[in-house]
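S.K.: As a plain string of letters, each chain reads:
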Amino acid sequence: MGRPEDPPEHAPFWHVIRNGMLDVEPPDHTRLRRLVSRAFTPRTVERLRGTVQEVTDRLVDDALEQGTFDLMATVAEPLPVTVIAEMLGVPAADRHLLRPWSADICGMYELDPSEQTAARAVRACQEFGDYLVELGRERRARPQDDLVTALVQVVDQGDVLTEDELVGTCVLLLNAGHEATVNVTGNGWWALFRRPEQLARLRADPSLLAPAVEELMRWDTPLQVFERWVLEDLEIGGVPVPRGAELGLLFGSANRDPAASPTRTPSTSAATRTRTCPSGPACTSASARRSRGSSCRRRSGRSCAGCPPSSWSRSRPGARATSSAACRSCGSGSEEPTRRPAAVEPVAACVRPLPSAVSRSPVSPSSSAGVVFPRGEDGRRSTTATGRAVWADAVRDVDPGLAARIDAARDWRTAYVRDVVDVTAAGTTSPGTALSVARAGLASLAARMRFEQEGSAVPVAEAVAQAAGPPLGTSRTTGQRERVTELVVPYHGRALRGDALLRQLDDWVATGTIEPSCAQALRRVVATPRGSTCATARSPCSAPRPSSVR
Amino acid sequence: VTPLLSWGAHVAAVDLPVRRLQERLLTAAREGAGTLDLPLRPGSTGTGDVAGQAGADLLLETPAVARWLAEAPGDLPLTVGSYAYADGAMHVQVAVASDAVVEHLLRVRPGTSYAELATPTDAYAVPSDVVQDARGRWAGRGWLALAQRPRRP
Numbered sequence: 014m015g016r017p018e019d020p021p022e023h024a025p026f027w028h029v030i031r032n033g034m035l036d037v038e039p040p041d042h043t044r045l046r047r048l049v050s051r052a053f054t055p056r057t058v059e060r061l062r063g064t065v066q067e068v069t070d071r072l073v074d075d076a077l078e079q080g081t082f083d084l085m086a087t088v089a090e091p092l093p094v095t096v097i098a099e100m101l102g103v104p105a106a107d108r109h110l111l112r113p114w115s116a117d118i119c120g121m122y123e124l125d126p127s128e129q130t131a132a133r134a135v136r137a138c139q140e141f142g143d144y145l146v147e148l149g150r151e152r153r154a155r156p157q158d159d160l161v162t163a164l165v166q167v168v169d170q171g172d173v174l175t176e177d178e179l180v181g182t183c184v185l186l187l188n189a190g191h192e193a194t195v196n197v198t199g200n201g202w203w204a205l206f207r208r209p210e211q212l213a214r215l216r217a218d219p220s221l222l223a224p225a226v227e228e229l230m231r232w233d234t235p236l237q238v239f240e241r242w243v244l245e246d247l248e249i250g251g252v253p254v255p256r257g258a259e260l261g262l263l264f265g266s267a268n269r270d271p272a273a274s275p276t277r278t279p280s281t282s283a284a285t286r287t288r289t290c291p292s293g294p295a296c297t298s299a300s301a302r303r304s305r306g307s308s309c310r311r312r313s314g315r316s317c318a319g320c321p322p323s324s325w326s327r328s329r330p331g332a333r334a335t336s337s338a339a340c341r342s343c344g345s346g347s348e349e350p351t352r353r354p355a356a357v358e359p360v361a362a363c364v365r366p367l368p369s370a371v372s373r374s375p376v377s378p379s380s381s382a383g384v385v386f387p388r389g390e391d392g393r394r395s396t397t398a399t400g401r402a403v404w405a406d407a408v409r410d411v412d413p414g415l416a417a418r419i420d421a422a423r424d425w426r427t428a429y430v431r432d433v434v435d436v437t438a439a440g441t442t443s444p445g446t447a448l449s450v451a452r453a454g455l456a457s458l459a460a461r462m463r464f465e466q467e468g469s470a471v472p473v474a475e476a477v478a479q480a481a482g483p484p485l486g487t488s489r490t491t492g493q494r495e496r497v498t499e500l501v502v503p504y505h506g507r508a509l510r511g512d513a514l515l516r517q518l519d520d521w522v523a524t525g526t527i528e529p530s531c532a533q534a535l536r537r538v539v540a541t542p543r544g545s546t547c548a549t550a551r552s553p554c555s556a557p558r559p560s561s562v563r
Numbered sequence: 061v062t063p064l065l066s067w068g069a070h071v072a073a074v075d076l077p078v079r080r081l082q083e084r085l086l087t088a089a090r091e092g093a094g095t096l097d098l099p100l101r102p103g104s105t106g107t108g109d110v111a112g113q114a115g116a117d118l119l120l121e122t123p124a125v126a127r128w129l130a131e132a133p134g135d136l137p138l139t140v141g142s143y144a145y146a147d148g149a150m151h152v153q154v155a156v157a158s159d160a161v162v163e164h165l166l167r168v169r170p171g172t173s174y175a176e177l178a179t180p181t182d183a184y185a186v187p188s189d190v191v192q193d194a195r196g197r198w199a200g201r202g203w204l205a206l207a208q209r210p211r212r213p
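Protein chains in written order, with my numbering: chain A, 14 to 563; chain B, 61 to 213.
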């Protein structure tokens, strides 16, 4: 239960996205955030202010030269991408690649994206990821004064970002910084044009700019909804939220919670805590977004004071889920910008303090009793941590270096295939080595897994040896039919037996359908059928689904 | 289980305590020539509605299942077959439970043998000539390629 499985064809996309800090759980989230924060701070952004202003001036000058122009296409869209490219250190010759990549990647977040849209997102993610890997390697060899260099160089208590984490962070920066800035620019100007008194006030007093940007992000939130999956049972505002539920977090609604935002009209002097991204005001890209918003309006406030609203495009920004509807919990969110009902059915809305138990990450299985995965230091059962440790233990005696690499892997959940292949290869030097790897791995798994019952947790083998508890009884049923003394194999509506079965076995071997040894074993059964005492243990939870039948 | 019972085998079968599953086993026993033992819930009488009283959960009752199988009657040596399956991480839990039961039986019932089903997704390291031979057979399978294509995405 938890986040639904991703379609396999989308795996390259989610591999990149889930290495961004929006999609990882503590302690990995904490670690990633700490590392990125060292390279990407408000002070770093402040140093970029000159560049941001320069880019904004150029874009606005170009727009004014046109006389009548489309705000979104001429300023709102190119501004954040250009700034992000500048921050990352993407060479000018390559910057034209970023906008299509970002647009295609964001397509995956559309509600119910078409296969075509999803395929474009996957391709863009792969291309951008490959590009960033190359850029990171280049910057590692030849450092520059840019964010990618800072990210590849950042070291915190001996810890560094992996290549996947570098890519995930940069893709997140482009996505979060690009689309939200486009939307806040369009939404903000749209709101100001409809309230000329507020626009006049802003133009008269540039000191109002910072709170005005904050307020415009609250008034018409650029990112309206973000989905999360619940990892453990919760109660939010008296509403029970079961584990595995999908939540649509309506930021627009949260930003109109009367308890936090008493104003009912956009005010250029209101200063409130605003939720514009899943990580809230402390989001690393939020400070950059505010910087871009401020620069844009500061520039426009000076040069465009006389422009009539009609000279600006009325095109609406493409907010992908422009809706907040009224909050089900507190009834807030009924102000004007609400346009459509929420498309994602929320279990609970208006969730401002994001519970730590809510995440996009997949849940680990956590049966409350019986054979279970062990709990980690944080109390959670992690299949990834257990799997990684078992594979490392399996190969430790045979290839200690490989074991150390697996122990240190940060992205093992998504990159385990390479390590599993290498462990398999390490076991091929001799039959004895293969057995050694298998035995060590099984021993490690058996030692780690637990049998839990009534609050106690012991190794499974120990629980089996003790065999505490009331014994199971026995029901015996005896059939009265005559014994079948030959092997009969149902095949394509026929019952193959005797010579017909032997011919079919030959045919299967000739066509490679079965191994010769399998046919030989079946021939022996055909020749000498016999019964024996036999115990079978079957499905512990349900009959196998058709796709699971072996 | 059905073929074994038709051949007259003595089978001790463990499946979930779900009436539908237990009824299927009981039907196979009644229509066969062998003997079927089913575990009963603690305190059950085994009379009347047997399907509603039989079965055990390998994950939740691992020690009880191991004990029941260890005490299963039979004059011939025991062969224990492990055919449990589950999707995802639960498969690991099931495999661990099965292994613990089998290892216990191998320890407490000398002469016990073991059977399992391999799956098409099992991976084996084999010499390169085996790989070449397999690929050659696959490439040269003629008209069968047409029938097999949909099954190989």
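Treat each hint with caution, since some may be false.
As the list claims (entries may be wrong) - Quick list of simulated restraints, FRET-style, between CB atoms: (1) G112/B to D172/A: 56 to 62 Å; (2) P253/A to G106/B: 38 to 44 Å; (3) E528/A to E131/B: 33 to 39 Å; (4) P137/B to A540/A: 30 to 36 Å; (5) P187/B to R150/A: 36 to 42 Å; (6) E475/A to P187/B: 55 to 61 Å.
To be verified - Quick look at which bits of chain B chain A covers, simulated, 3 or more residues with Cβ under 8 Å: (7) 111-125; (8) 192-202.
FYI, nobody ran anything at the bench for these hints, they're computed from the structure. For glycine and all other residues, C-beta sits at the position ideal for the given N, C-alpha and C.
S.K.: Run every hint past the structure and note whether it holds.
M.R.: Now for the hints, and whether the structure bears them out:
Against the hinted window of 56 to 62 Å, the Cβ-Cβ separation of G112/B and D172/A comes to about 57 Å, which satisfies the hint. Separated by about 41 Å at the C-beta atoms, P253/A and G106/B satisfy the suggested range of 38 to 44 Å. Distance hint check: the CB atoms of E528/A and E131/B are about 37 Å apart, consistent with the given range 33 to 39 Å. Range check, P137/B to A540/A: about 22 Å between beta-carbon atoms, so the 30 to 36 Å window is missed.
At about 38 Å, the beta-carbon gap between P187/B and R150/A stays in the expected band of 36 to 42 Å. Checked against the hint of 55 to 61 Å, the C-beta distance between E475/A and P187/B comes to roughly 40 Å, which is inconsistent with it. Look at the segment 111-125 of chain B against chain A: 12 of its residues bring a Cβ nearer than 8 Å to a Cβ of that chain, three or more, so the hint holds. Residues of the segment 192-202 of chain B with a Cβ under 8 Å from some Cβ of chain A number 4, which satisfies the need for three, so the listed coverage holds.
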